[in-house]
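**Q** Sequence:
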Amino acid sequence: MKRLQQLDQRLLPPVGNVLARAFRGAQRLRAFTAVVGVVAVTATLLAVHRSNGPHSDPSLGDVLRVGVAEGASIPAYLQAGQNELAALPGDTPVYALVSFTAYLAPERLAPVLAEVSVSSVFARVPLPRTQTELVRLGAYKLPDDVVAAMDETARRKTEEAQHYRDLLARVSDIPDENRELYLSGAIVADQEATAYREHCSCVYAAVVYAPPAALRSVAARPETRVVDPIAELQRLDRTVFLPPLPEQTTVAEPVSEGAGTVTASPGPP
Numbered sequence: 020m021k022r023l024q025q026l027d028q029r030l031l032p033p034v035g036n037v038l039a040r041a042f043r044g045a046q047r048l049r050a051f052t053a054v055v056g057v058v059a060v061t062a063t064l065l066a067v068h069r070s071n072g073p074h075s076d077p078s079l080g081d082v083l084r085v086g087v088a089e090g091a092s093i094p095a096y097l098q099a100g101q102n103e104l105a106a107l108p109g110d111t112p113v114y115a116l117v118s119f120t121a122y123l124a125p126e127r128l129a130p131v132l133a134e135v136s137v138s139s140v141f142a143r144v145p146l147p148r149t150q151t152e153l154v155r156l157g158a159y160k161l162p163d164d165v166v167a168a169m170d171e172t173a174r175r176k177t178e179e180a181q182h183y184r185d186l187l188a189r190v191s192d193i194p195d196e197n198r199e200l201y202l203s204g205a206i207v208a209d210q211e212a213t214a215y216r217e218h219c220s221c222v223y224a225a226v227v228y229a230p231p232a233a234l235r236s237v238a239a240r241p242e243t244r245v246v247d248p249i250a251e252l253q254r255l256d257r258t259v260f261l262p263p264l265p266e267q268t269t270v271a272e273p274v275s276e277g278a279g280t281v282t283a284s285p286g287p288p
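Just remember that our numbering sits 19 ahead of the position in the sequence shown, which is counted from 1.
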């Protein structure tokens with residue numbers, strides 16, 4: 020029993036990293052929702068945390084959630100976004116979550132978002148039937164910032180794959196189930212690293228800031244699925260964004276991942 024407990028202590032933290040690829044939804048709440056503690060369920064909860072000095076901030080625990088809840092209707096979300104954009108008054112700039120119809124490469128972003136200011140984009144390597152990590156990339160200048168962020172993500176994924184292999188090599192008596200999990204994690208991380216290194220067609224959404232007229236222009240682009248304006252957004256570092264993935268057409272749900280779906284060998288193809 021003691022031996023198994025020691026083994027668990029060595030193996031379980033990286034297993035959590037593998038499971039973090041799973042999609043977890045969070046519903047758009049039009050009012051701020053008080054939460055206690057750190058929101059850290061999976062990589063899907065993509066909130067940027069910034070420090071604004073040592074002074075006390077009474078809104079520290081308030082989080083605005085923007086996106087689609089797991090199991091919620093995608094068509095209903097799209098229709099709501101279209102309605103809100105059409106009704107947006109005046110010419111005061113607001114933040115908006117832009118979701119794309121397909122995964123876009125970095126060079127395809129500038130034409131789509133030329134009329135708006137961009138703060139970040141969301142990316143995922145769309146491997147078939149595999150839950151890959153959802154990542155948020157800072158992107159003020161397109162496509163340069165996205166390319167640089169993809170290069171950094173590729174380096175991180177390469178290190179992640181090597182970490183799994185080091186664990187496999189260091190521990191000789193890993194249970195078969197855990198061994199398969201680690202091998203799968205190494206393979207997927209290698210595939211993600213290769214894709215980001217090649218500046219893949221992986222971007223599926225963006226957070227932008229612009230007047231209503233510019234947002235409507237973005238919404239009219241064929242690459243755009245929906246522009247969801249967020250008039251009540253005050254701080255990006257207190258906001259969790261969960262745009263729908265391009266392949267999600269009915270409800271927001273995790274990408275299916277079953278045994279045997281990862282077939283590539285470790286290392287770049």
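Mixed in with the good hints there might be a few duds.
Here are the simulated lysine to any residue pairs, SDA-like style, with alpha carbons at most 25 Å apart [to be verified]:
id, residue 1, residue 2
1, Lys-160, Arg-257
2, Lys-160, Asn-197
3, Lys-160, Ala-238
These are calculated hints, taken from the structure and not from any lab test.
**Q** Would you pick out the hints that fail for this structure and give their numbers low to high?
**A** When the structure is compared with the hints, only number 2 turns out to be violated.
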